[in-house]
Amino acid sequence: MDYVILSMILLAIGIYGLLTKRDLLKVFVSVELIATAATLNFVMLVPTLGKGLGEAFLILAFSTDTCVSGVILALLVIVHKKYGTSDIGDLVKMEESKEESEVEA
Amino acid sequence: MILEILSVGLIISACLAIFLDEAVYSVAALAGTLFLTSLLYAFSDAPFAAVFQFAVGAGTLAILFLSGEMLSETPTKTSQKNLMLITATGVLLSLPAIFLSISEIPAALSGISFGEALWNFRAVDVVLQGFVIMVVALGIAIVLHEKRKGEK
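Taken in sequence, the protein lines are chains A and B.
All residue numbers for the first sequence refer to this note's numbering, where the first residue is 1 and numbers rise by one.
All residue numbers for the second sequence refer to this note's numbering, where the first residue is 106 and numbers rise by one.
Please keep in mind that the hints were generated in silico from the structure rather than gathered at the bench.
Fair warning: there could be bad hints in the mix.
Claimed, not checked - Within a straight-line C-alpha distance of at most 25 Å, the following computed BS3-like cross-link-like pairs (lysine-lysine) qualify:
hint : chain 1 : residue 1 : chain 2 : residue 2
1    : A       : K21       : A       : K81
2    : B       : K186      : A       : K21
3    : B       : K254      : A       : K81
4    : B       : K254      : A       : K98
Source: prediction; values computed, not measured.
Chain A with its partners taken away, still in its complex shape (with noise of 0.2 Å):
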């Protein structure tokens, strides 16, 4: 089994779901799947830098990502009581219709 084509099939996955899904827990799905295929490719390290060195680097990764992970779920938390919609259709709707309005004004 190849590690580095399962990592680019979840890889191409997830920028299936950022680019195609509306919601923004979809994107934060989305966003998941590309940090666990990126950190997949650490595996491959394990062989060829030694075990230590390989898992070190894959854990250094996670932290990245438990980082990222964080302050996508803050934004989302709060675009949603800001704007009552999780979704990037309304949300932009909203924006512009704001914009209008201020422009009209």
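Starting from the known structure of chain A, arrange chain B on it as the hints suggest.
Relative to chain A, chain B alone:
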């Protein structure tokens, strides 16, 4: 053989996480993806990575389940036919990873232990990552606090 089965499950659950309409089911599928990834690490002779993946996944998913319940709007049901189609797509997508090979794995360069690697080779990274995580946690707390103050 076990790695192949895990990789098929991983791709199927990733497909389900993206294509299922209900937010909670989608998050449950993501839980499956992360759990299978940690099993994959465990069977690939990377036990520390497996434990970290499991811990990080459990934390992320606990929050995601809460926010999924809180933020999800009117749920739409995924039909049985679509579910089968997504599963079949997942199986088809996982086939190249099982049957093709594009990378050559060279022999291990050294037998450094995990603790040695983390503290002797990547010590600066580890300390800096600690700072970054602390700053991010503080930043999130401040943003949420400001937001709550603005609401009052």
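Evaluation of the provided hints:
| no. | hint | result |
| --- | --- | --- |
| 1 | A/K21 - A/K81 | holds, 20 Å |
| 2 | B/K186 - A/K21 | holds, 20 Å |
| 3 | B/K254 - A/K81 | holds, 13 Å |
| 4 | B/K254 - A/K98 | holds, 23 Å |
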